[in-house]
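Undergrad: Sequence:
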Amino acid sequence: MRFLADLHIHSRYSRATARDLTPENLSLWAKKKGLAVIGTGDFTHPGWVSELKEKLVEKEVGIYQLTPSFEAAFKNLIPHASEKPTRFILTGEISCIYKKDGRTRKIHHLLLMPSFESLDRFNRSLTRIGNLASDGRPILGLDSRDLLELALEAEESSLLIPAHIWTPWFSLFGSKSGFETLEECFGDLTSHVKALETGLSSDPPMNRLLSCLDHLNLISNSDAHSTSKLGREANIFDTEISYSAITRAIKTGEGLEGTVEFFPEEGKYHLDGHRKCNVKYEPFQTEAAGEKCPVCGRPLTVGVLNRVGKLSDRHRPVMTRDFFSVIPLAEILSEIMQCGATSRKVTEEYERVITLLGPELDVLLFAPTEQIKETGGPLLAEALSRMRRNEVLKNEGYDGEYGTIRLFGKNELQTIKGQEALFSPAPTSSKQLRKTNMDRAPRALEWKAPQVPREPPQKDPILSPLNPEQMEAVTYNSGHILVTAGPGTGKTLTLTHRIAFLIRSGMAKPSEIIALTFTRKAAKEMQERVASLLASCGLNSVRTSTPSIGTFHSFCLDLIKRNEQEGLATHRASSYQEEVASVLTLCPEWEIQRIARESLSACGQGARSVHAFFRAIADLKRADVLASPAKSTSHQFLAPFRAYQQALSELQMRDYDDLEVDALRLLSYGRKISESQNEYPRWILVDEYQDSNKTQAELIRRLSENYSASVFAIGDPDQAIYGFRGADPDNFAFFSDYFPKAKLVTLKRNYRSTKTIIETAESVLGKRNCLFSESKEDGPIFLAGCNSDSAEAEMVAEEIERLIGGISHFSLDSGRVSVSEDTSSYGFGDIAVLFRLNAMGDALGEALEKASIPFARSGEKPLVSRYPVNLLWAYMLRVQYPENPSYRKVYEETCSREGISEVHLVPGFMPSSGLDSIIDEAVSLHGLEPTEKNSKEALSLLKDYAKDSGGNMKGLLDALSLERGLDHGLLKVDRVSLMSIHSAKGLEWPVVFIVGCEEGLIPCTVFQEINEEEERRLLYVGITRARTRVVLSWSRYRKIAGLKTGNGPSPFLSAIPSRLCERLKTRKALPKPRKPVQMGLFS
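Numbering (our numbering), first residue to last: 1037 to 2119.
Keep in mind the hints are simulated off the structure, nothing from the lab. Careful: at least some of the hints might be erroneous.
[Claimed, not checked] Derived BS3-like pairs: lysine-lysine, alpha-carbon spacing no greater than 27 Å straight-line: (1) 1886 x 1135; (2) 1972 x 1089; (3) 1328 x 1312; (4) 1886 x 1897; (5) 1136 x 1095; (6) 1784 x 1495; (7) 1136 x 1812; (8) 1135 x 1328.
If you're wondering where the values come from, they're calculated on a predicted model, not measured in any experiment.
Based on the sequences and whatever the hints tell you, model everything.
TA: What follows is the structure in structure tokens.
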């Protein structure tokens, strides 16, 4: 069966589309156009999918049609000659914007799925990555290769086709953000790509100038954003109408007869140019101009013809199928009638013609000339004859400006109308024009013999990368050492190379090294770096005995468990005598907060004092083990403190302070830290030493004292920002008192930030020349004052869109992004938006979602506090320890809070399957259906933790309990990072926005307590997260948790020299250009 199909369209859920794009109207217009099959478009949008499920019914396998009730609703609107049924196939377009090989890639993909079931599986996997509800064509920070893999995992028969492959900004081979070859894009999955979509600005002969595309089939679709644009490009099939037959034809070419094409010159990116300066160039002119605009000097937008020429390796195309170039019927009527294509006059004539002659594409391609002449008149008949002979006049499109294709020369219409005959000579054949352009664009490829590089001299992988100060720290071997490492000076490099150097030099066995840090993520990075360094030195065998690298809390937990298993429990000789739990479980932070509030409430003290209470808890416990008096402010909390400890005891749990205090007590008793009596730590390395509290500092001192171990501590007192967690910067200042004769080394060379960023950050602290930038780039700090928090969020979204170089064609066409700005080297993952309080992230998240910018909020709160992980954690505790009544109570209370029915365990049940299966089973048993983006992401992160725990449920429970909200690794996709400045510690990005730089927030007075020096250090940390660009913004009005703030910029900003700053220029959308009017003879 021969039929026409348009597989790439959009719904009203996509940006810049018509509001009448409903299944009913699409079906109606498909009949008007003569399309037997159309894509649904936008099959990732939940609202559109829901509507499709309501209005479509499966007709053949993988093929759908309107339900009878919806079909009947507009039956009277269908022209009699166009009553053939319309079939739908499930399709969608996905935009992937990501960084690869040092460049930002922006690739659009057309995807086909055979059923709603496979589509639901696919969309579930995508929901973990981005917000599908923000746009019918979602923007994901996902590698194209990984998107293809997700599609194949969801459904083996799914099909991915790179869309409009030559468009400069958003395509596979685009001049601005594309690749040179298919293999570069899809890697090991390249063989699964069987077809390419040509796009409006290219046609089959242009594509067949590349021999590397010979094995791929070419399809063409309208990419319609309104119903009237359906079928402007289409595919001609000769198969049965089924999903398998259509996709088989696309893959193999059997049954794919040809395509219906736009004249490529009409496409808006055919030639090169700069629209703003009215410069339009042929490829040879662009080359002569060095790809620069002769008016403003900015880069030209290199069009499709030029790009094809650069990648081609033929002078003549090798054609395998027919194609037909057409002009939409409304445009032909518009030229004949000399009025707009959407005018009432043209619309009425269009409807009359298709009613009498049949669907539009039948009229354009197949209707006999005599019949057209009788029905539509001699002008229409002549116009279609010329189009079919490719006798057209072309004004090529460029840089986002559509070209025009005309069929009659100047004044020719008036002559024809007056004489009803043709005397004017025919215009130059389009075949000649096209041949001229084709000969001009492609270039013979010059082959040069590859130069064989000389073998570079072997470098020491451990010592060669180090500068003199780092070398001094890494190789020091005479005792204790304290390294001051400012931001970007190579702190982690120095620490990991120190570990590798100790092992390689024979100064230490791996088992004699303990390295401690504060987050699971930092510990994992250190482990991977050390393993890589040792492997590069040929020391793979040492992996049988690896250095101990972990967090303080995991070290303490292991120490306590090891001793309690041997019956060496700690003796708590304190004011709150209690028995040690027979089963040691760490109470997660969100549960600790609940117990603290309840303890305060039970003792008649309000929840407002909860922050002071937490400080008192740590102080009272620390005072007991350090034999030092507690602060006077802590004594007022003795009653709730005892209630708090009693509650923990009843739950048979410890909090974080208990871990540290009990571990220190064990060390004070001389308890062992290793299974082997002959292996003791000789080298102790501490990361971020400025973040240690008194107990942790004493724990390090006792370890060193007990085992005569040397201490290597590294950190930066200027980055001490965790005072609210009990961190004490004095530990850094008094290191030499704890460890006499310690060596002091300072790293001053900053390899991260520009000179201006460093000077700005130092000025906030009132310092100068503490760090020296090694960066060759530089630029100002940008300042932005906004009227409200919502305006500030919109400013951030618009600036991100500009930095990315546009996220859609609408970004470029509206003028929100200038096509000539050289900002496209940034990807979403290169940008972070930081704030003082987590509540500030809500307005930012809304603005980014509205702008379809993918983002991830990280570090808000511990994973175990997020639904549904909180419930699954309680359930797994119950499963792991079925006899423990305390865990039964935790589970029951969690179910009650979430409104979930409890699941009763079978006596003696112990899980034997993998953790992934247990998690899925728990989700099913509790009837959990996470639909929100945050809950789906939380579940995904839980599974990541399960993988890292080696399939051990007990290990997973420990990891969840130790996680405190700072360890959330983002999924491996490009997304803008939204997080608090505290959570950003240890991370870096090329671009950093710090919002809320205003009075009341920086320094923060919301909690009525202020440590101004720490607040200055916090802003310093935020600014130094950036490599090349910083934007500091504030709002004149802001509302957070019911509190109004915002009284002008932060006083800290006044310390920044004005010569370093520049006001951020926001851009306004360009006015919509007026369309040129075709003048008549007597106008």
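Undergrad: For every hint, state whether the structure bears it out.
TA: Status of the hints after comparison with the structure:
In summary, the hint linking residue 1886 to residue 1135 is supported, as the alpha carbons are separated by about 23 Å, within the 27 Å threshold. Distance restraint check for residue 1972 and residue 1089: the Cα-Cα separation of roughly 23 Å lies within the 27 Å cut-off, and the hinted pair is therefore satisfied. Note on residue 1328 and residue 1312: the hinted pairing holds, with a Cα-Cα distance of about 13 Å set against a maximum of 27 Å. Proximity of residue 1886 to residue 1897 is assessed by CA-CA distance (about 24 Å); at most 27 Å being required, the pair is judged to hold.
Restraint check: the Cα-Cα separation between residue 1136 and residue 1095 comes to about 42 Å, which exceeds 27 Å; the hinted pair is violated. Annotation: proposed proximity of residue 1784 to residue 1495 holds, straight-line Cα distance about 24 Å (limit 27 Å). Taking the CA atoms of residue 1136 and residue 1812, the gap is near 23 Å; set against the 27 Å cutoff, the hint holds. For the proposed pair residue 1135 and residue 1328, the alpha carbon gap of about 25 Å is at most 27 Å, so the pair holds.
Checked against the numbered hints given earlier, this structure breaks only hint 5.
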